[in-house]
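Residue numbers (the numbering used here), protein chains in the order written: chain A, 142 to 628; chain B, 877 to 1341; chain C, 239 to 335.
It should be emphasised that the hints constitute simulated quantities derived from the structure, not laboratory data. Just so you know, even glycine gets a beta-carbon here, dropped at the ideal spot from N, CA and C. Don't take every hint at face value.
[Unchecked claim] Cβ-to-Cβ under 8 Å is the rule here; a few derived chain C residues that face chain B:
id : residue
1  : V282
2  : G286
3  : R296
4  : F300
5  : F326
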Amino acid sequence: MKLYELTFSQIRAGLSAGEFSSRELTESVLDRIERVEPALSAFVTVRGRGEILAEAERADASRASGGNPGALCGVPVAVKDNISTRGLATTCGSRMLESYVPPYDATAVARLRGAGAVIVGKTNMDEFAMGSSNENSAFGATRNPWDTGRVPGGSSGGSAAAVAAGEVPLALGSDTGGSVRQPAGFCGVVGVKPTYGRVSRYGLVAFASSLDQIGTVSRDVAGAAALLEAIAGEDPRDSTTAAEPVPSLLADTGTDLTGVAVGVPDEYFADGLDGSVAEKVSDAVETIRSLGAKVLTISIPHLRFGVAAYYLVADAEASANLARYDGVRYGHRSDHAEDLESLYRMSRSEGFGAEVKRRIMLGTYALSAGYYDQYYLKAQRVRTLLARDFERAFESVDAVVAPTSPTTAFALGERVHDPVSMYLSDVYTVPVNLAGIPALSVPCGLSASGLPVGLQIMVDKFREPVMFRVAQAYERAAGVDSSLPEL
Amino acid sequence: MPGALPVLNEAVVDSATAVALALNASVSKRAGFARKNYFYPDLPKGYQITQHAEPLARDGYLDVEFEGHVKRVGIRQVHIEEDAGKSVHAEHGGEGGSLIDVNRCGVPLVEIVTRPDLRDIDEADAFLNELRRILVSLGVATGEMHEGSLRFDTNISVRPQGATEMGTQTEIKNLNSFRAVRKALAYEADRQSRVLRDGGKVVHETLLWDESSERAVPMRSKEGASDYRYFPEPDLVDFEIDGRRIERVRESMPELPGASRRRLVEVYAIPEYDAFVLTAEPATLRLYESTVGALLERLGPDAPATAAKTVSNWVMVILRGHLNERRITLAELSARAASHDPTGGKDGASALASRLADVIALRLRGEVSEPAARRLFDAAMECAEPVDGLVEKLDLRVVSDEDALRSLVRDVLAGHPEEVARYHAGTTKLVRFFVGQVLGRTGGKADPELATRVLLEELRSGGTT
Amino acid sequence: MAVERGDVEHVAMLAMLAFTEEELVAFTTEMNGILALFEELEGVDTDGVEPAFRVLRRRNVFRGDEPGEMLPPDEALANAPDRHEDAFRVPAVLPND
Ligand SMILES: [Mg+2]
Ligand SMILES: [Zn+2]
Chain A
142 MKLYELTFSQ IRAGLSAGEF SSRELTESVL DRIERVEPAL SAFVTVRGRG EILAEAERAD
202 ASRASGGNPG ALCGVPVAVK DNISTRGLAT TCGSRMLESY VPPYDATAVA RLRGAGAVIV
262 GKTNMDEFAM GSSNENSAFG ATRNPWDTGR VPGGSSGGSA AAVAAGEVPL ALGSDTGGSV
322 RQPAGFCGVV GVKPTYGRVS RYGLVAFASS LDQIGTVSRD VAGAAALLEA IAGEDPRDST
382 TAAEPVPSLL ADTGTDLTGV AVGVPDEYFA DGLDGSVAEK VSDAVETIRS LGAKVLTISI
442 PHLRFGVAAY YLVADAEASA NLARYDGVRY GHRSDHAEDL ESLYRMSRSE GFGAEVKRRI
502 MLGTYALSAG YYDQYYLKAQ RVRTLLARDF ERAFESVDAV VAPTSPTTAF ALGERVHDPV
562 SMYLSDVYTV PVNLAGIPAL SVPCGLSASG LPVGLQIMVD KFREPVMFRV AQAYERAAGV
622 DSSLPEL
Chain B
877 MPGALPVLNE AVVDSATAVA LALNASVSKR AGFARKNYFY PDLPKGYQIT QHAEPLARDG
937 YLDVEFEGHV KRVGIRQVHI EEDAGKSVHA EHGGEGGSLI DVNRCGVPLV EIVTRPDLRD
997 IDEADAFLNE LRRILVSLGV ATGEMHEGSL RFDTNISVRP QGATEMGTQT EIKNLNSFRA
1057 VRKALAYEAD RQSRVLRDGG KVVHETLLWD ESSERAVPMR SKEGASDYRY FPEPDLVDFE
1117 IDGRRIERVR ESMPELPGAS RRRLVEVYAI PEYDAFVLTA EPATLRLYES TVGALLERLG
1177 PDAPATAAKT VSNWVMVILR GHLNERRITL AELSARAASH DPTGGKDGAS ALASRLADVI
1237 ALRLRGEVSE PAARRLFDAA MECAEPVDGL VEKLDLRVVS DEDALRSLVR DVLAGHPEEV
1297 ARYHAGTTKL VRFFVGQVLG RTGGKADPEL ATRVLLEELR SGGTT
Chain C
239 MAVERGDVEH VAMLAMLAFT EEELVAFTTE MNGILALFEE LEGVDTDGVE PAFRVLRRRN
299 VFRGDEPGEM LPPDEALANA PDRHEDAFRV PAVLPND
């Protein structure tokens, strides 16, 4: 077995036992990146080999000097390209920020560094996190490692593809409407969207501020828990972080789920759900039942309104969040402007791609005079109803399980020109963001056509430990083949 | 920068609450922020974080004394928002363009919105001055408009005489002095009147005051561009202003200028004008009251009824003159006084008050003449020596030895026989000339009253011997 | 309710975006399709339901009145497309500058 094939748990064990060094691990990972990256385009930027290896060596030295090494000491990590890294380009997958280099680290990145992680580079994404396929990147679409003719999902498609292909064991993504979970499901890796406010958004380039959360991508549940523990917690620079202390996320509880009540919502198994996805998810539910969990049928009545409510809220917030890209302080400035107003219009029109412009237009429209009540306010009221659906569900169950997406990874080009069908592929993930609850996607096997299927586990706010417990019990019991795709 | 987030500064919540209480507005229990969306180069995020649906306070008023009556100006709301940057509209080495300085961006400020209750420029001016005094006394602004610590945006509309409906208003921004406010209001009232007289319509728009050309220039031209698409700011949480915060703020609030004025007139029996001047700055008021206190202590039961008025004259005229001549501020002079304080324990204001009271006490006891007192004060500001010692050192004590003075008077009269003859012929105003001569010979130390009395006695006794 | 080309132009004006003639026509059609999806919400009864602008119940998050760390001007301005000393340069704000 090559070092790049190891999961986080195996890496942690191997590093602390001294079976291999961070330098050896990192070299293996960098070789892997060199070999598979041309086929995948999972990264926008990979840092210089020398720089990265020097950091790995420092981690080895600090481990050797004894004491208490950080939880991620010497572990290679990739960071989605909308999370600010000091001195390292942060493009958001956009022409607009092609040459933008942040002068500061996001809080999550600062904490990663503090935990000893070795940041290898920045992963590809749908422009400004707007997309579900990674086809909206200005730097070319990322490919799904399981089938390079298919999309990896999005918008954290680069992080999911990189982890799935063994380019890194851990990566950060961001999840506004499923952008970590959906690509994790499509690529057969674990993706976590924490409770809103669990992880600081300081330094995360804003798409939709009331929905955005930084999340984790890993091969195993233990990796997700370690990565999330490292970055979570209150941040005085983000007023919307939660004051709740971060608990230990993963107790070693084996595979026993006795006493855990799991709800399966009818609405997630209705029309539009792919047969092979339904089959894998149903098998997973049976496995969970067999581990001692009580399985109940529940209802999330407003599920089908989630997509409309989500896109209205997200686009409205985005229309303001993306107003700062005007060619004045950073980012693309048009060479063709004659006056101030044309500088704005030209810079924005040249710098943004089609989907970003589409969403700015929709969000601007939804907030504009005469339409605010009909669209924006209505969507925020429906959001309340969806949040209540979950509150009611969590009165009787500890976790809600459902498919992560209605289908497996679709073909490149299949939906990119049909925004409505693209938006509808987010139907199972957006309610979580609207309600602010945490959710995790764990692989539950391959479909008949050999593509990964994701099982989504949702819990009430700040109950991540239950989510990790169910996920890890399932992961162990199901014995899902964790070998890497052929590339 | 992309990814940066706002956090609310607690001090601005207290400042805004104090302003709201001073303006008799009702403070909301819960307040929140919104984004106001528009593009302008001094607005780096493309939106301003402000309060829209949930301002900190609403529905207040301010009573302004204006031309002998009290004018009540309605306050629509008091809210918190973030400041924008500064555009420097200047040519640079012929390269053209505007320069944007974003240093001030995101700094919180308190905005006060009035109702359309002001009818002319003088009323507006009186209101703004009174508002400035309040803000300065609360310590929420230094009041220095050129520093941008206090800024006004004005909205103005005109209507034909007799019309009951208000006309369309325009807003003028970039007003950096009271003078600019007056000029801009006059300019815009005139422009709007001409538009209406020519049968045109006033367009609702925002104008920028251009100080150099004294013109208001439209800021945003496109119609409909003022659709600000407000929505709740998702990056900030709501805040609550509970009774405890309101009480804490209320207790820390100083007396407001209006109340100070009424109190000064009542307690010290000084004219309203004096009270108005003395309450213009909190530091002046503090100095005045400390000086009166220190003076009464020194004079004890012998204090004349006019002592407080004498101090008022000193503060308004003599002290002001001292500052102007030296081009220093009251704060600088206070600091100097404190550095000279032998006990070293006094703060600037009380050190200055103590020196000032020493001088005025000598003057009121008749120990120094008026000009000598002024010289004494100037000298007392330059050194640490006790005022009593200074009087001797500078030989400023009044010449009250009547015999010595009488011989001086005789000398003067003897030296000016022609004038004495003219005096006796009826040119009585020559008394002033003689007194001047006498005082001059004492170096200003003689008590002018005593000198006059002795002079008249000598003239009357026909001292032409 | 259908959106017309003029509406799209107005929104583009507010959003500071420029579209070509063809883009405007295509976008008008596309926007109507997406708005039809949004209009499904009209069927949801939301009488008496408060809007959920934020999902966390936290209140009163403040910072103290002290200056934080400051970026040195050269770092703050490093990404500027056009810089003059410590300021960003743009085409004239006032028409006659
Ligand atoms: Mg304002
Ligand atoms: Zn220049």
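Comparing the hints with the structure gives:
1. V282: Constraint on V282 (chain C) not satisfied, violated at 20 Å.
2. G286: violated (19 Å)
3. R296: holds (5 Å)
4. F300: holds (4 Å)
5. F326: holds (4 Å)
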